[in-house]
Amino acid sequence: MRIRIIKPGIFTTVQDRGRQLYLSQAVPVSGCMDRLSGRMANLALGNDDNAAVIEFTYANAEFVAETDLLIAYAGDGAILSLAIGDIPAERPVFIPTGTVVKLKNDPLGSRTYLAIAGGWDVPEVLGSRSTYVTAAIGGLHGRQLQAGDELSSIEKLTPTSKRILTHLQSDTPNYTDWSLARQLLLPANRKTIRVVMGNESSWFDDSSMNDFLTTPYTLSLRSNRMGYHLEGAVINRTVKDELLSTAVTPGTVQVTNSGSMVLLMADCQTTGGYPRIAQVAAVDMPLCGQLKPGDKINFKEITCHEAEMLYIQHEKQLLQLANTVKEKFL
Amino acid sequence: MQTQATVGQYFNVYALSEQAITIEFGQEINEDTLQKVTAFNQLIIQNPFPGFYTTVPAYTTLTVFFDPLQVIQSDLPGTDCFDKVSAYLTGLKNNRQDILITHPGTITIPVCYDGLFGPDIEEVASHTKLTPQEVISLHSKAIYKVYMIGFVPGFAYLGGMAEALATPRRATPRNAVPAGSVGIAGMQTGVYPLETPGGWQIIGRTPLKMFNADRPQPALLKAGDQVVFKPIDKSEFDHLANNPNADKDH
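Quick note, the sequences are listed as chains A and B, same order.
If you're matching positions, the first sequence starts at 792 in the working numbering and goes up one per residue.
If you're matching positions, the second sequence starts at 2 in the working numbering and goes up one per residue.
Don't read these hints as lab results, they were simulated from the structure.
Some clues are possibly wrong.
[What the hints assert, rightly or not] Think about it this way: if two alpha-carbon atoms lie no more than 20 Å apart in a straight line, the pair counts; the simulated SDA-like pairs of lysine to any residue are:
no.: 1; chain 1: B; residue 1: K223; chain 2: A; residue 2: L1035
no.: 2; chain 1: A; residue 1: K1031; chain 2: B; residue 2: E29
no.: 3; chain 1: B; residue 1: K146; chain 2: A; residue 2: L1035
no.: 4; chain 1: A; residue 1: K1107; chain 2: B; residue 2: P51
no.: 5; chain 1: A; residue 1: K1087; chain 2: A; residue 2: L899
Generate the whole structure from the sequences, applying the supplied hints.
Written as structure tokens, this is what we have:
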């Protein structure tokens, strides 16, 4: 299966669940900003959930099916649309050769993930297909997609993907009568972000800590795949020590010397020297991946143990979902 | 070469996230703490636990990344991942006070300090009240220690620069500093592995690739390594830059 990009949209890249094993050499994790949507798109097709997907930011992208396609998409940045109407998300969709697919704006969030049966076929670099443009590695030639780029899928399909393809194959666009329900894995309030207090949270004064957990913070325009600058109540320090650079990870909330905060995201550096006020619970990082400049968020404190339990529960639900899709096509 | 190292008594463990635990071995940057971080890093890599992914060594800390699902399903003692992993790490430390650490020897990085590659060498010379030749001589005479890799892939934080060379960052950072550029910022010196924006005073350039994703170990340097800079002229720079195996000997 193969597509050709007609309009690439804003910063469109190939991503997977990330590059875990080279952190000690300062290679960032990268991967989908909203891991949950990326995995959901893969699960709907019976793919391995680390298969490469295309990450679109907002809409205004367009591609054409150069062969018959079996795709699925998930996310809140755009709705995929054909000449005959919109395609539902989070379910397998068969698209015949020659069909043009457009991304229409979805005001709910910012990023949308397109999976294809088998996964997008780009070379694995350092154990991952994720694009990291700073080092020009991963994805398609280590860069964002451009008009005219052709992307193919890996030909080897899982038994489930093969069965889905046989089930949906047709002369016209065709999809299943069911979809996965990503919202069941997300909290009802998508603008409240659960955090565990960071190792340097005692470096800040009481009133700043109170502001941190009770007042809203706005995502500034200085936001990208590396991190989000947050605007809101200033965080004041009582401990003026310099933090010796140490490991940070996506979800770390750093406080800069001016008292503003930066929430680190997928392409963040592996070490940092700003005190860490909090760490976003991994299960809420998909919510962060959908934020856009101007969005207001509130932070809510949970314990490290709770964050861990939520993570384990979340992973078990995803395993269950993968099995459900498999069982539908036995 | 191998020497005995000890992890020591200071061993402060905290959660970075539900997928990572940080161990702090001291509170100051020094060779003793670096050796403890390096030794324990080697120990954990040789003795991984179920679900172990990778580590990030830093100035005084070692962070251990893992898959919580594999840890919770393992028979490590403890009720949650933090308990299980921190008990395992503490046990490793208590059982293995003496660790043999392997020293990689000294890595030589050829640097061309020619004005073409080191546009700020005059500024460093005038700030430090040295001649450019003295700057080169001081910079290439020292033996440096790699304290950590961070900032961008393959960037080594080096310790050991002569204090006389300390020069503040440029007032205006450059939008693009070429890969291989050797710079000074305050008391630090380092090599830019990739073309990135940067404010360091650039005094030269190495033809070696400090980061190359095609190598089994993409970063040329790792925490704990010793490094020296060797002055080379423009023709040797060109020769090495055109030799694709130049960085494979290291």
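Right, here's what the structure says about each hint:
Proximity of K223(B) to L1035(A) is assessed by CA-CA distance (about 18 Å); at most 20 Å being required, the pair is judged to hold. Taking the CA atoms of K1031(A) and E29(B), the gap is near 15 Å; set against the 20 Å cutoff, the hint holds. Restraint check for K146(B) and L1035(A): satisfied, since their Cα atoms lie roughly 16 Å apart, inside the 20 Å limit. This hinted pair checks out: K1107(A) and P51(B) have alpha carbons roughly 18 Å apart, not beyond 20 Å.
Annotation: proposed proximity of K1087(A) to L899(A) holds, straight-line Cα distance about 13 Å (limit 20 Å).
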